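Taken in order, these protein sequences are the chains called G and R.
So for the first sequence, this note's numbering puts the first residue at 2; every next one is plus one.
So for the second sequence, this note's numbering puts the first residue at 98; every next one is plus one.
Treat each hint with caution, since some may be false.
If we take Cβ atoms under 8 angstroms as the criterion, some of the chain G residues that face chain R in the derived model are [as the list claims (entries may be wrong)]:
id, residue
1, Gly18
2, Arg19
3, Val21
4, Ala22
5, Gly25
6, His26
7, Val108
8, Glu225
9, Val228
10, Ala265
11, Phe284
Covered by chain R, per the in silico footprint, the following chain G stretches (three or more residues, Cβ under 8 angstroms) [what the hints assert, rightly or not]:
id, region
12, 208-218
13, 303-309
Honestly, the hints are just simulated from the structure, not real lab data.
Nothing here was measured: the structure is a model prediction, and the numbers come from that model.
Cβ coordinates follow ideal geometry from the N, Cα and C atoms, glycine included.
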Amino acid sequence: MARTRGGAKESGPGILGRLVAWAGHHGHSLLSTLGRLSRAPFATSMTLGVIGIALALPASLHLFVDNVRAVSGNWDSAMHLSVFMKPDTAVADAQSLAGRLRARPDVHETRVIPPDQALAEFRAQSGFGDALDALRENPLPTVLVVVPGGSLTSPGQLQPLIDEIERAPAVDFVQLDTQWLQRLFALVAIAQRTILVVALLLGIAVAVTVGNTIRLDIQNRRQEIEVTKLIGGSDAFIRRPFLYTGFWYGVGGGLVAAVLLGIARLALEGPVARLAGLYGSNFTLSGLGAGGFVGLVAVGALLAWAGSWIAVGQHLDEIEPT
Amino acid sequence: MIQFDHVSKRYEGGFEALSDVSFHVAAGEMIFLTGHSGAGKSTLMKLIALLERTSRGNVIIDGRNLAGIKRRGIPAHRRKVGVIFQDHKLLHDRTVFDNVALPLIVAGVGHAEVRRRVRAALDKVGLLDRERAYPITLSGGEQQRVGIARAVVNKPPVLIADEPTGNLDPALSIEIMQLFGLFNQVGVTVLIASHDHRLIGRLGKRYLTLDHGKLIDGALHGTD
């Protein structure tokens, strides 16, 4: 069969030429989808708003927990043991025990609080001065404050040190007052798990939202898809603009979420600084940071891309030219 | 170039649009397909462009049995068959140039080459000065010519047209048919479905007649 005018293979531009054309088409899709979105600013910003809020919610919870951990982490390192000496133990005995403990590698610092000093502090801080005057003698024992070395951070790790100190004959008991800290850690762990669940659900919401938007877009461009299929457009070619549209929704939604988080941080900064001031701390809220920002936008883009894939896979096959 | 071997097409619900149709169109031939509406002309066209699949029998285009083309291979096949519709099927949110360029862009042709070939195709149909216009601003005949330019721009070996002059007055119809004749003269195999017997008679080409899905007695008529 003579092919007098040539067929599809005629004057092929070569592999390089095709690659350039292919890359050119991708670049064109990337920009033209952005242009198409910007020509419908209201619909686009509604969609971006929904995605932005859905992304901002788990991200803000994550930041909240991060900040709580930053605060409690400081307390953690300030963990110390209160060693109560038996009544009538001489301050000198307490000091010699303190000296022995300080020589240990797992002890960072020790401090002896004699009964007189403890009473004076208690009188000053408690407001029970008059009641204390009624006592004939000082009921407080000598107390030894032991700050463990930096490598010991959890209550469990401290247990051997506590046991050893308690074996000393002059020691009444050792108190590690960190139960509240342990409870806080447990709460933070629950919060983290909750955030994971919320993030998962909202992530699905982002994918579904974008998928649904893309589905409507596909319906609206039905004729274009039909004609493109008719003249031999491959599935990949037809899919491409919709996937790029989804990608832009994700990137835009991520940017909206970052802005929302920035606003929330600005709003909270004053009150947090005031609270920190009341505790004599110079703690400040930490924000997303560059890595967090990139991560947020990337997660948004990935979720939206996935949503568009599903929508395109579901609905593009339904449209066949007739 | 176009060969039908005992082709039948039965739609869901039992309606048989084509029954046991066999014919052969040689490469470089121009042929008409006639018959009353509902005789199966459109179905026959759809089988060639793989818009439908046969129920029985084989359709062979350019030496390739279409039954062997899987879903993924359909786009490549459609690029070898230029299709022209009665309702043009142009995209109204794009210029004439962009409409005609579409087959080249889906085939991955480079930018400069697209420009050159689109202008050549528009020149052939006499619409080079309207490349920036939108289809809606063109007359029916001009829109049909844009559709033809789009069908021929990537130089397919086969051109099929379903009632291309259905909405046009006789003078414009002649013009369009002459245009098909021009493409045929440079070697394109052309198959045109039309119920306009007078027009077909004037062109003096072979024709097939369908009646209730069957090629009727003396299926190939004409002067060849």
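Now for the hints, and whether the structure bears them out:
Hint on Gly18 of chain G holds. Least Cβ distance to chain R is approximately 5 angstroms, under the 8 angstroms limit. Because the smallest distance between the Cβ of Arg19 of chain G and any Cβ of chain R comes to about 5 angstroms, under 8 angstroms, the interface hint for this residue holds. A cut of 8 angstroms between beta carbons decides the hint on Val21 of chain G: the least distance to chain R is about 6 angstroms, and the hint holds. For Ala22 of chain G, the suggested interface contact is upheld, since its CB lies about 5 angstroms from the closest CB of chain R, less than 8 angstroms.
Given hint, Gly25 of chain G at the interface with chain R, holds; its Cβ is 6 angstroms from that chain's nearest Cβ, closer than 8 angstroms. Of the supplied interface hints, the one on His26 of chain G holds, with its beta-carbon coming within about 7 angstroms of a beta-carbon of chain R, less than 8 angstroms. With 8 angstroms as the threshold, the beta carbon of Val108 of chain G stays out of range of chain R, its nearest partner Cβ sitting at about 73 angstroms, so the hint is violated. This hint holds: Glu225 of chain G has a C-beta 6 angstroms from the nearest C-beta of chain R, less than the 8 angstroms allowed.
Look at Val228 of chain G: its Cβ gets to within about 5 angstroms of chain R, closer than 8 angstroms, so that hint holds up. The criterion of a C-beta within 8 angstroms of any C-beta in chain R is not met by Ala265 of chain G, whose closest approach is roughly 41 angstroms, and the hint is violated. Interface hint at Phe284 of chain G: violated, since its Cβ lies 56 angstroms from the closest Cβ of chain R, which is beyond the 8 angstroms cut-off. Check result for the region 208-218 of chain G against chain R: violated, 0 residues qualifying (beta carbon to beta carbon below 8 angstroms, three or more required).
Check result for the region 303-309 of chain G against chain R: violated, 0 residues qualifying (beta carbon to beta carbon below 8 angstroms, three or more required).
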